[in-house]
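Student: We have chain A already, so just place chains B, C and D on it with the hints.
Protein chains: 4
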Amino acid sequence: MPRRKYDFEVPVLGEARVKSPIQMSKTYGDKIVNYVREDEYILYDVEVDKGEELPEADSSFCLEKAGPREKIYFHPGHVHAGIVTCGGLCPGLNNVIRSIVRTLWYQYGVRRITGIRNGYRGFLPQYDLPIMELNPEVVDDIHYMGGSMLGSSRGGGDISEIVDAIERLNLNMLFTIGGDGTTKGALAIADEVERRNLKVSIIGIPKTIDNDLSFIQRSFGFETAVSKAVESVYGAHIEAKDAINGIGIVKLMGRESGFIAAHTALAMSVVNFVLIPEIPFDLEGEKGLMNQLKKRLAEKHRAVIIVAEGAGQELLDEINETDLSGNKKLANIGLFLKDKIGDYFQEEGIEVNIKYIDPSYLIRSTSADPNDSIYCLRLGAQAVHAAMAGKTRALISMMNDRFVLVPMKMAVSKRNFVDPEGSLWRDVLQATRMPLTMKN
Amino acid sequence: MPRRKYDFEVPVLGEARVKSPIQMSKTYGDKIVNYVREDEYILYDVEVDKGEELPEADSSFCLEKAGPREKIYFHPGHVHAGIVTCGGLCPGLNNVIRSIVRTLWYQYGVRRITGIRNGYRGFLPQYDLPIMELNPEVVDDIHYMGGSMLGSSRGGGDISEIVDAIERLNLNMLFTIGGDGTTKGALAIADEVERRNLKVSIIGIPKTIDNDLSFIQRSFGFETAVSKAVESVYGAHIEAKDAINGIGIVKLMGRESGFIAAHTALAMSVVNFVLIPEIPFDLEGEKGLMNQLKKRLAEKHRAVIIVAEGAGQELLDEINETDLSGNKKLANIGLFLKDKIGDYFQEEGIEVNIKYIDPSYLIRSTSADPNDSIYCLRLGAQAVHAAMAGKTRALISMMNDRFVLVPMKMAVSKRNFVDPEGSLWRDVLQATRMPLTMKN
Amino acid sequence: MPRRKYDFEVPVLGEARVKSPIQMSKTYGDKIVNYVREDEYILYDVEVDKGEELPEADSSFCLEKAGPREKIYFHPGHVHAGIVTCGGLCPGLNNVIRSIVRTLWYQYGVRRITGIRNGYRGFLPQYDLPIMELNPEVVDDIHYMGGSMLGSSRGGGDISEIVDAIERLNLNMLFTIGGDGTTKGALAIADEVERRNLKVSIIGIPKTIDNDLSFIQRSFGFETAVSKAVESVYGAHIEAKDAINGIGIVKLMGRESGFIAAHTALAMSVVNFVLIPEIPFDLEGEKGLMNQLKKRLAEKHRAVIIVAEGAGQELLDEINETDLSGNKKLANIGLFLKDKIGDYFQEEGIEVNIKYIDPSYLIRSTSADPNDSIYCLRLGAQAVHAAMAGKTRALISMMNDRFVLVPMKMAVSKRNFVDPEGSLWRDVLQATRMPLTMKN
Amino acid sequence: MPRRKYDFEVPVLGEARVKSPIQMSKTYGDKIVNYVREDEYILYDVEVDKGEELPEADSSFCLEKAGPREKIYFHPGHVHAGIVTCGGLCPGLNNVIRSIVRTLWYQYGVRRITGIRNGYRGFLPQYDLPIMELNPEVVDDIHYMGGSMLGSSRGGGDISEIVDAIERLNLNMLFTIGGDGTTKGALAIADEVERRNLKVSIIGIPKTIDNDLSFIQRSFGFETAVSKAVESVYGAHIEAKDAINGIGIVKLMGRESGFIAAHTALAMSVVNFVLIPEIPFDLEGEKGLMNQLKKRLAEKHRAVIIVAEGAGQELLDEINETDLSGNKKLANIGLFLKDKIGDYFQEEGIEVNIKYIDPSYLIRSTSADPNDSIYCLRLGAQAVHAAMAGKTRALISMMNDRFVLVPMKMAVSKRNFVDPEGSLWRDVLQATRMPLTMKN
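Protein chains in written order, with full-length UniProt numbering: chain A, 1 to 440; chain B, 1 to 440; chain C, 1 to 440; chain D, 1 to 440.
What the hints contain is simulated information worked out from the structure, not anything from laboratory work.
Wrong hints could be hidden among the right ones.
[What the hints assert, rightly or not] With a straight-line Cα cutoff of 25 Å, these simulated DMTMM-like cross-link-like pairs (lysine to aspartate or glutamate) come out:
(1) D:LYS50 - D:GLU38
(2) D:LYS71 - A:ASP49
(3) D:LYS300 - C:GLU47
(4) B:LYS294 - C:GLU137
(5) B:LYS50 - C:ASP45
(6) B:LYS71 - C:GLU52
(7) A:LYS65 - D:GLU56
(8) C:LYS65 - B:ASP45
(9) B:LYS65 - C:GLU137
(10) C:LYS5 - B:GLU53
(11) A:LYS19 - D:ASP49
(12) B:LYS65 - C:GLU47
(13) C:LYS50 - B:GLU38
(14) A:LYS439 - A:ASP339
The shape of chain A in the complex, shown without the other chains (with noise of 0.2 Å):
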């Protein structure tokens, strides 16, 4: 079978000339060597068969790494940053804002940076809603609270206004911190800026608190995510075990993939059934939930039951046909559930006490524990060196445990999800004993 191909190649704003004011070791040899070179690549796809021949390296299957260049494109003094966060917080928002600013202001010393408010609304004139200026003093403390100091908000908004705003604020450089839609977002705001023969760097810093973009090895603060998560579940396994035939339900985040979930089951040995997007179920038959559900608490008289969000949606679907409503928004699984397990076993005729916890905003809101803290500091400080060598249109991102750059376009053109077929999955089996299909 062939190696897939892609288009890794990263646009450039045009020829880096300018000397880094980085200043690099020159302790241990003549030479400089720490720049990052620009035929420096990481293969993207380390899953090889014994014997397969493996092409030459380039840019169909390898990653620009990230890094510090020796030449840059902006004159630091030239340069005016922006920065904005979208959509839903997430841990370490704050740490990548401030790694960016300290990395602009200390080693470049770039001294015009500007926060956008509450997402892309804040270049909208409509929202009258004031920019900061940053700098390190303003963001010094910033990382012991969750959330995103500039807000943030969900949505778009008129791209040409957006860069009517990054021309008047003569921005020439854009780091946007968000998810799948941010992306999309800004690469309509680097088509218009193009268009308008505007040089700005377009960098982002990929945002999923799901972990769900493709051509990236961990999204920032998914593990806090996760670490956070545990406490739910142990706060249901607690509740489940000391009621009669307790029966504990955590909804954990997860619209399209259920690597919450996943990573919290493995997390806590204590969760016997694990619903997420990827794997259909069924509620009822020999091999739906209930009857598995009906099984275990005839035998241990307790169960805990994690749900992504996005699972099960063909049954929400059906719901929605029946009652005719059609919102969407309103259906949501872990109520669903609720109620249908509750009925289940009233009817047959069993007593169950059944605890409920959404613990998303709790997730969502909490400070970056010490090793998102890290990752964030280092995916803020390759932005910034993007930036500055004229990168644009891309990601930074960590594959095979290196920093890398992705093209945005790449990035939107598909997610990530959990494969059933997968190591990820066959451990959770193991770990939950449940059952390999719950489909009739």
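Tutor: Using the frame of chain A, we list chains B, C and D on its own:
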């Protein structure tokens, strides 16, 4: 104004004639001084007016000091102790169980200790719940876990059947860990026990996560609950701060009294409104919550509300009447407020982003923090000392920072409330800067 | 035995004639009831013998209740308040500072608040330490951090120079947050202030992480310190458990009294020996520590020891005498024990693995936990109420669960000790199952 | 430059002929696809130069993928597995033990699992350490505790005696959890096992809290250790900040490499100097630490230093030579620096306040955080899959974010170091703003 009188006399099963096996210190003198004498009392009400005449110390306004007696009622070799935990979970249950078991075993040499499963239900034959033999090894590590190793359940059961089980098991000592209802059940059991001429000491360790029992300075688990609640309020604050006109609503425990809500507000100076059962409030009108909230948003663009689950029930009663459901169990003040606030601002044409958090199960199921652990250990030890000395129908309590015995019949005679004129609420008003009243 | 008499009369600067700007509730009646009256007292010693005659309530055995007065001494517009933190760090310092500033500012409308840097040194011109202007914005987030935003230092300075600085700054209110030495300094300052006919209210918030001040139920930061100490004891337990004849030694704070050590032992039932200043012990001999330790290792193959820093000083004195150094500061009981135990078992030919942990700086520098945060907030508020009412030479304290004023001269007259015959130590003996005495 | 070649071939005990009892998914297709095939490889070195020619995939630069095989070597009913933990404590030991036991038991149906006590010593008759029978119930809650339920010890023992014990116990599978020395011991055991013609699979789970093993992306417990170290650095920061010219020194683990120190510095942007074994530094001279520290104090009046235990050994060697002790074990770089810095500033006539913190035992003994828990669970599972498939002399490792098998002989052939020219140290330099070099 004459002092209020109580009846703090603690009933006993009979004369204490057995020499305590607890060895007390003789190092610091010839006399064995650190047993607690039967005439050691603690003044209950310490608030006096200058110049006030104080009466002679007696049980009309003094409480018996708890602690080991030199003479005890039961021969340790004859003791069979039962332990039961009832009602909702609360941090520290396992610590109390563990302390009772260890004090019985190591201090008094008692070897028959039985855990009753799932509250008073565990006594009832129809539920067929196995009893648990308890000893120091079985309980060694239970305090690292939240919940109760014995499980719990709400409600009582046929008193006669319970006492039948006590007779069958040959229990002569019963430790009940529970709240108001549990204590009333314990008194009914004591009545039936007496009617049958049994000698069973019934000692309660008061459990109320709401801290709303009278004659007890602080109930175990309360501080842990507040610590945990603080995390949710912090989350609500971050979510509110980072959204446009963000409103964070946290529903906390407190059916009849708002102690958790009040303390949590003091611990986190980010709360703007604290709604508790003791202080009625209006939604509409000049002084009502909605108008106050609108003013707050106009000024600061965010707000955090703590609402105790028992707050504003009069508002819900109206609702219940209008919708004719009559089902008081459905009335959830948190969700009600969330909807009402959403509707109000929609009508006002003001965009708000409401984040609703209900952390109750996470709070209840957590394990005791170190200070509650100490408190539980000491409560459990005093409970055993009381039972061994033949005390009965009494709770172990802390008043004025000393461990005391409180007759159960006094404890169930009234509840504890947040005094709207007292120093706690005064400090809440100052810390939150909320209006003195939200009644028109 | 007649009751012990004290002199709890709190000095005042003069008559309180100014109407308090604090608005109190009128909702619950016509009268303004929740100011604290000058004749509201709290009984100090609540332990009585049945039948004991109690005297008329006066300041020989009652404490003044703290809280806002209806009439105050200072016009808020004339107030210039200073705040100083002295001595070693303690969890909660920033919370107290923050509460004082906020209460002054929001409740009384005071606008001139000055932070003195690094203890009393901040008053002394030769150190050239800049003062800090304080307001609610400056202190808004300081309570998330440990330590004191004002810094601290040990020791006093020339009293006359300090009062010169108070005059220069025009302070008429000084809040001292510190321990025994700080309070003695505050009294000396008060004397000099009076000699110069100045009207300066000097109010202290007692700080002692060791919890060894008299007339105060619990000092702020103490609970947090115990919580943090518990982590170290847990570490020592794990290290001891997993090594061959592992011995974990944790040195905790407590120069003169062993409260932290005793409480920590109660919180973690893994401790076998608690060594505190109040209870002397031998190393050698039948009952001595070494022999007890040998017995323990023979039985369980591991042991955990908590030693307060002031324990066993008589053993160190011997050492000091033999080595003629005379430098008491070098005598570290923890390292001394570690060496002695190592030597002893080497001579006995028994392999032991000693793990020594000294977490003092980690404990001191942590931020206040939620319950200490509440306590600090309330202490700070009462301190402001006292100063505004013209009280002086007084500490804010909690006794019998109420906030009271304690004259500084009483507070420095004696220390608080763990009573070897009292209930705390009794519970420690029971929880650790250590010998009643380790003196031969 | 040609690619470096390795020998990643993993030895096997023989042909795998037994059908695996693990049931794999058939839901998503006809074929059983999620066993791992023997020819699935992972590229080791993913850093390439653009245009570089890559060779055919073989074990000279690819690692075998870990995971369950369709055919296994051992009949589960014939397996007797041993588990041993060696060396210093590390967060996650219990999680790994638990995962091995559960995977053996539940996935493969193995029923004879034996825990060896206190490292390789547990094999040696003279220590008379009882073995432990392991099963899922015994290990159910062990992961809530730090340390190793089996205990540990340093050092090996007579290989022949160890293999005698393996024969006596009839073990055909041995899981060694330990570091470099343990792995060398395991290889020696494997040699002796082979000499005796025994079929014993020996699989290691690499344990190094310092993260200094080669061919492993991240060692278990490392992230937890960094998280815990951060608390100490925070304490040092607070102590330094609040004293006059405060200097906080934190000694962290890292005998040969400074990964913990480097990561901790990145997690807490309050560190000014990071001293690690890989980067020599001078004390004296223009560029030396003392002068840099003096400059820092002049500017900011405080400083925080992290020093890895193996840093600056060349400085200590001098000391050791001068004092003729020759005892390298006594050379403690942390205390050495503390004294040197104290002396230096005393001579300079500058008041400094040095706070020294050594949190090593607190870090080692903590329990695994959620993300390390997940990692340990997965490492343990892969270890069992490898052993069941008849692999031997191999470690379970993660490389490029995939679980792989690494031959033990490769793993012990070199250590992992912080590359002074690499991106980690570059980011440390930027975050701390410390000088590029402190060598004159």
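Student: All hints are to be evaluated individually against the structure, with a verdict given for each.
Tutor: These are the hints, each one checked on the structure:
1. D:LYS50 - D:GLU38: At roughly 30 Å apart (the allowed maximum being 25 Å), GLU38 of chain D and LYS50 of chain D break the hint.
2. D:LYS71 - A:ASP49: Answer holds: LYS71 of chain D to ASP49 of chain A is near 18 Å, not above 25 Å.
3. D:LYS300 - C:GLU47: Not satisfied, since the Cα-Cα distance of roughly 53 Å exceeds 25 Å.
4. B:LYS294 - C:GLU137: holds, 23 Å
5. B:LYS50 - C:ASP45: holds, 16 Å
6. B:LYS71 - C:GLU52: Holds, at about 23 Å.
7. A:LYS65 - D:GLU56: Distance ~23 Å between LYS65 of chain A and GLU56 of chain D Cα, so the pair holds.
8. C:LYS65 - B:ASP45: This hinted pair holds, its Cα atoms lying about 14 Å apart.
9. B:LYS65 - C:GLU137: violated, 48 Å
10. C:LYS5 - B:GLU53: holds, 17 Å
11. A:LYS19 - D:ASP49: Roughly 23 Å separates the two Cα atoms, so the pair holds.
12. B:LYS65 - C:GLU47: Judged against 25 Å, a Cα distance of about 9 Å means the pair holds.
13. C:LYS50 - B:GLU38: Since the Cα atoms of LYS50 of chain C and GLU38 of chain B sit roughly 9 Å apart, the hinted pair holds (cutoff 25 Å).
14. A:LYS439 - A:ASP339: holds, 20 Å
The structure fails to meet hints 1, 3, 9 from the earlier list, while all remaining hints are met.
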